[in-house]
Amino acid sequence: MSDRIDIPDPFIDQLLSRSPIAGFSESEVYFNGQESVQIQVHERKIVSFESSSTSGLSFRGRSAQQMGYSFTEVFDEGAESFLLEKARENSDVLETKEPETLFEGEKEYPATDNFSPELDKKDFDYFSKTALALEDAILKYDPRIVAVDDLFLSYGIGTQAIRNTLGLNCDSTHNILSVYASSRCVAEGQTKTGFCVWIGRDADTIDIAALAKESAEDSLSKLGAAPVRSGKYSVVLDARAAADLLTAFSGIFSADAVQKGFSLLAGKIGDKIASECVDIRDDGSHPASFLSFSFDSEGVATRNKQLIEKGTLLSYLHNRKTAATDGVASTGNGFRSGYKGSIDIAPTNLYFAPGKSSQNSLLKEMNNGLFIKYLIGLHAGANEISGDFSLSCEGFLVVDGRKDRPVDQITVSGNFFKLLQSVVAVADDLYFNPSEGAGIIGSPSLLIEGLTISGE
Amino acid sequence: MLNPIVIERILTAALTYGGDFSEVYIERTKSSSLSAVNGIIESASTGIELGVGIRVLKGIRSVYVFSNDLSEKTLIRLAENASRSLSENPEARHVSLNPMINYHSSKPITLPLSVAQKTKADILRLASSRAKAYHEIITQTSSSYSDMERNILIANSEGDHVTDQRVRTRFMIDAVATLGEEKQTGYFAPGGNGGFEFVESLPIETLADDAARIAVTMAKAGPCPSGRFPVVIGNGFGGVIFHEACGHALEASSVGIGASVFAGKLGMQIASNVVTAIDDPTMAGEWGSFEMDDEAVVPERHVLIQDGVLKGYLIDRIGARRMNTVPNGAGRRQNYKFAPTSRMSNTFIDAGSDTKEQIIADTPFGIYAANMGGGSVDPSTGEFNFAVTEAYMIRDGKLAEPVRGATLIGKGHEILLNIDRVGNDRKFSQGMCGSYSGNVPTNVGQPTIRVSEITVGGQKDDL
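Listed in order, the protein sequences are those of chains A and B. Numbering of the first sequence is given in numbering that gives the first Met the number 0, commencing with residue 0 and proceeding in unit increments. Numbering of the second sequence is given in numbering that gives the first Met the number 0, commencing with residue 0 and proceeding in unit increments.
A couple of the hints might just be wrong.
[Claimed, not checked] Computed, partial: chain B to chain A, Cβ under 7 Å:
no., residue
1, Glu48
2, Gln357
3, Ala360
4, Ala386
5, Asp395
6, Thr406
[Unchecked claim] With a Cα cut of at most 30 Å, we get these calculated BS3-like pairs of lysine-lysine:
no., chain 1, residue 1, chain 2, residue 2
7, B, Lys29, A, Lys402
8, A, Lys267, B, Lys131
9, A, Lys339, B, Lys117
10, B, Lys264, A, Lys339
11, A, Lys267, B, Lys219
12, B, Lys264, A, Lys44
13, B, Lys264, A, Lys271
14, A, Lys96, B, Lys131
15, B, Lys219, B, Lys459
16, A, Lys363, A, Lys231
17, A, Lys120, B, Lys72
18, A, Lys402, A, Lys355
19, A, Lys231, B, Lys459
20, B, Lys410, B, Lys459
21, A, Lys271, A, Lys231
22, B, Lys72, A, Lys339
23, B, Lys131, A, Lys139
24, B, Lys117, A, Lys259
25, B, Lys410, A, Lys212
26, A, Lys121, B, Lys72
27, B, Lys72, A, Lys417
28, A, Lys402, B, Lys459
29, A, Lys417, B, Lys219
30, A, Lys96, B, Lys264
31, A, Lys231, B, Lys117
32, B, Lys117, A, Lys363
33, A, Lys259, B, Lys131
34, B, Lys355, A, Lys139
35, B, Lys410, A, Lys231
Just so you know, these hints were derived from the structure itself, not from any lab. For each residue, glycine too, the CB sits at the ideal point set by N, CA and C.
So that you can see chain A by itself, here it is in the shape it has in the complex:
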């Protein structure tokens, strides 16, 4: 349903060819273009339809050793002189001791499969019918379901291209479909909300009935929730909540954070920092994830890496700059958050490696404790530098290995570094959280001992 995204090659070629005159010894352009459609359904109507086509590019150039940045959403003569002039002014204020350098590219890149031509052929009618059918199925699921407040279906295509004066020339395009549907139920004066989410490329595998059940059961299962008594609890953290927690602390693996003293993992390579059952990896592609990465935003090929193996820290995530500082090779994790961002470090697909037991057997192993399904407020209640977290959460009390009653209005608190040492068992249900770019984080359910719960 979309034209291909045009990469403005004539503008890019001219910009790069004129950059030496502006005083840059080497320079690079990172282009990002996106097209999207989004449908919102409410009370059996398409209440909102959005469609967009946007693009922008970043210029970075090296002058007197330092790399200055500028960006634009306009591709004309005025923009060209703006980019060159501003990048030059910015390079002049930088003082980095190990400045960024550009890369000429790899001989080969791993193949990726991020684009589905079949998905791209789906039209407005198909999306509308899917979205309306899902709302209908949720509303009909149970009389206690009173509303679906948020139901969005989004389809997007993204293209990125990197070109530099050393000959680097990398392109990639992906498309993705995502569906989100909340549900609100009311019973005995209590209101609860829940949701379901689907993300992928094979639209034919969307199971409306299963998604409706997921959203409806998520809210219905919370009815009757009440706090538990404050104290220390063993906890089974559901896969999605565990992935959320790992997301909040994923920055500790960044070599940049380590080198600048912002990560408590500094100086711990080779140390045992987690329990024996903890393996954490970062893979350019993983069959359970929905996006794979062939190269990072510096044009370095991605690789598969073991960050923690059997509890021992083996590696950090590097871009070219941090790798040069440590005298190692880049791990292919030099990503930008878009054309407005500079080269930073981000995971590709970062995940707790799954074990062999089911989530149910983790509950049985725990016997009595809490099953935490959601951690809420991670953007505020988790401190990446100290590792401390104190978070609102929801779930179930577990008695004799079974979910007993729903629990809400409690907090769970602890320290992520201590938590890594308190993981007792890892389930087989690896789940990757939806994310819009680099930094897709996954986890299976985890059994953790001794977390502090604040409730009644």
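Fit chain B to the known structure of chain A by using the hints.
Structure of chain B alone, referenced to chain A:
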């Protein structure tokens, strides 16, 4: 940015096949940013954004298209496509615009993009070295600066034809204190609705000292106890409690579809009678202020709660259609990539008569939450959470030892009834609020208040 005849053609095209309201939003933004780690300038960037959003409404249904391509041909095509998806009973009509009105939501003295990056870098170096020098256990600092100059044009089928200038500058300092294996941080990020003069007027040294002081204090603090206690919440960023616990649930985006705990409660007592709460986009020069909103509506001061009684909601154009009323100037968006919806501006609990000292003295046991991090809320259930970044125990009516790692949770409609003391020291703090229409600058604010009982989540199991 586009001439009126072209805009009239676009607005008319947007009603060709259906729709009862069409709108064009054009934006041109220049921005710059710098960041320093441990006093070394590590990154600097400058950029231009340019785009247009076209919206068509038909009743409560909306279509929004946006693009960077400002050619007339593309915009007419986008407008027609938008209209097509609302094609029931077309009532095509010609749009003609009123004379243009130019608003100035910001009144900058020195446009920030006209200031050399070098001058901004000097401020970051000063902040870093000052924070580092505060105490020997300050091991790292990071500081950053950002600014933007935005010019927007909004025109719609009602004839509104307006422009506005929004200019903002912001400075951030973060200090890290290390004690053994323990790292704690302190943070300030004041923002201004105006030019570079705002950052020039900031007491950079004091802000750096305060960030470092919080980091050092928290590094030496023990874990916060958990349980239900009275909590005295400090002025300024403490207002995030009202923002999360109540403000979001008063936005038409949730009230209009009946999803808010406060829907249908106008005129009813929803808070204790010491609580008066206001959202005021008209305050001159404030971080969350504007002379017209992002739907070309001139805003009003919104009294939300008067002496505990619910008086009003925050209403955008679509919300007004759902609620059968008129928009009151709460339609906001991050930029052209977002359709506007109802949002907060400068939102605060109004000052009462107690002093902070009296409130603490009258609290035999509890927690004083001096500074807050962010939080979040589910407007349907009212369940909220937010993080405390600087906290102290209150024992026998006196501030006692610092405690770290506290989070406060509860239900907004219950907490509002539990506010039993309101101080006289109202203050604002600047934040970026994220919701359906992206991140928008909002002030949170309050005087010192006391909540008689709230769930505190800490790492310590007993008192």
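Status of each hint after checking the structure:
Checking Glu48(B) against chain A by beta carbon gives a least distance of about 5 Å; that is within 7 Å, so the hint holds. This hint is violated: Gln357(B) has a C-beta 29 Å from the nearest C-beta of chain A, more than the 7 Å allowed. This hint is violated: Ala360(B) has a C-beta 27 Å from the nearest C-beta of chain A, more than the 7 Å allowed. With its C-beta approaching chain A no nearer than about 4 Å, Ala386(B) sits inside the 7 Å limit, and its interface hint holds.
A distance limit of 7 Å between C-beta atoms decides the matter here; for Asp395(B) the minimum to chain A is near 23 Å, and the interface restraint is violated. Interface hint status for Thr406(B): upheld, as the beta-carbon distance to the closest one in chain A is roughly 4 Å, under 7 Å. Of the pairs offered as hints, the one joining Lys29(B) and Lys402(A) is violated, with about 54 Å between alpha carbons and a cut-off of 30 Å exceeded. Restraint check: the Cα-Cα separation between Lys267(A) and Lys131(B) comes to about 25 Å, which is no more than 30 Å; the hinted pair holds.
A hinted pair counts as satisfied when its Cα atoms are at most 30 Å apart, and Lys339(A) with Lys117(B) qualifies at roughly 20 Å. For the suggested pair Lys264(B) and Lys339(A), the alpha carbons sit about 44 Å apart, so the restraint of at most 30 Å is broken. As the CA atoms of Lys267(A) and Lys219(B) are separated by approximately 24 Å, the hinted pair is consistent with the 30 Å bound. Between Lys264(B) and Lys44(A) the alpha-carbon distance is near 27 Å, which keeps this suggested pair within the 30 Å criterion.
Restraint check for Lys264(B) and Lys271(A): the C-alpha separation of about 57 Å exceeds 30 Å, so the hint is violated. Between Lys96(A) and Lys131(B) the CA atoms are separated by roughly 19 Å; this keeps the pair inside 30 Å, and the hint holds. In summary, the hint linking Lys219(B) to Lys459(B) is supported, as the alpha carbons are separated by about 15 Å, within the 30 Å threshold. A C-alpha spacing of about 18 Å is found between Lys363(A) and Lys231(A), which places the hinted pair at or below 30 Å, so the restraint holds.
Our distance criterion of 30 Å between C-alpha atoms is met by Lys120(A) and Lys72(B), whose separation comes to about 25 Å. Proximity of Lys402(A) to Lys355(A) is assessed by CA-CA distance (about 21 Å); at most 30 Å being required, the pair is judged to hold. Our distance criterion of 30 Å between C-alpha atoms is met by Lys231(A) and Lys459(B), whose separation comes to about 10 Å. For the hint linking Lys410(B) to Lys459(B), the alpha-carbon distance of about 23 Å falls within 30 Å, and the restraint holds.
Our distance criterion of 30 Å between C-alpha atoms is met by Lys271(A) and Lys231(A), whose separation comes to about 25 Å. A distance of roughly 28 Å separates the Cα atoms of Lys72(B) and Lys339(A); the hinted pair therefore holds under the 30 Å criterion. A hinted pair counts as satisfied when its Cα atoms are at most 30 Å apart, and Lys131(B) with Lys139(A) does not qualify at roughly 61 Å. Proposed proximity of Lys117(B) and Lys259(A) is supported: the alpha carbons are some 23 Å apart, at most 30 Å.
Of the supplied pair hints, the one linking Lys410(B) and Lys212(A) holds, its CA atoms being roughly 27 Å apart against a limit of 30 Å. Annotation: proposed proximity of Lys121(A) to Lys72(B) holds, straight-line Cα distance about 26 Å (limit 30 Å). Distance restraint check for Lys72(B) and Lys417(A): the Cα-Cα separation of roughly 60 Å exceeds the 30 Å cut-off, and the hinted pair is therefore not satisfied. Only pairs whose Cα atoms come within 30 Å are accepted, and Lys402(A) paired with Lys459(B) is accepted, the gap being roughly 26 Å.
Distance restraint check for Lys417(A) and Lys219(B): the Cα-Cα separation of roughly 19 Å lies within the 30 Å cut-off, and the hinted pair is therefore satisfied. For the hint pairing Lys96(A) with Lys264(B), the CA-to-CA distance comes to about 60 Å; that exceeds 30 Å, so the pair is violated. Taken as a hint, the Lys231(A) and Lys117(B) pair is broken in the structure, with Cα atoms around 52 Å apart against an allowance of 30 Å. Restraint check for Lys117(B) and Lys363(A): not satisfied, since their Cα atoms lie roughly 62 Å apart, outside the 30 Å limit.
Restraint check for Lys259(A) and Lys131(B): the C-alpha separation of about 14 Å stays at or below 30 Å, so the hint holds. About 53 Å separates the Cα atoms of Lys355(B) and Lys139(A), which puts this hinted pair outside 30 Å; it is violated. Under the criterion of a C-alpha separation no larger than 30 Å, the hint pairing Lys410(B) with Lys231(A) is consistent with the structure, at around 24 Å.
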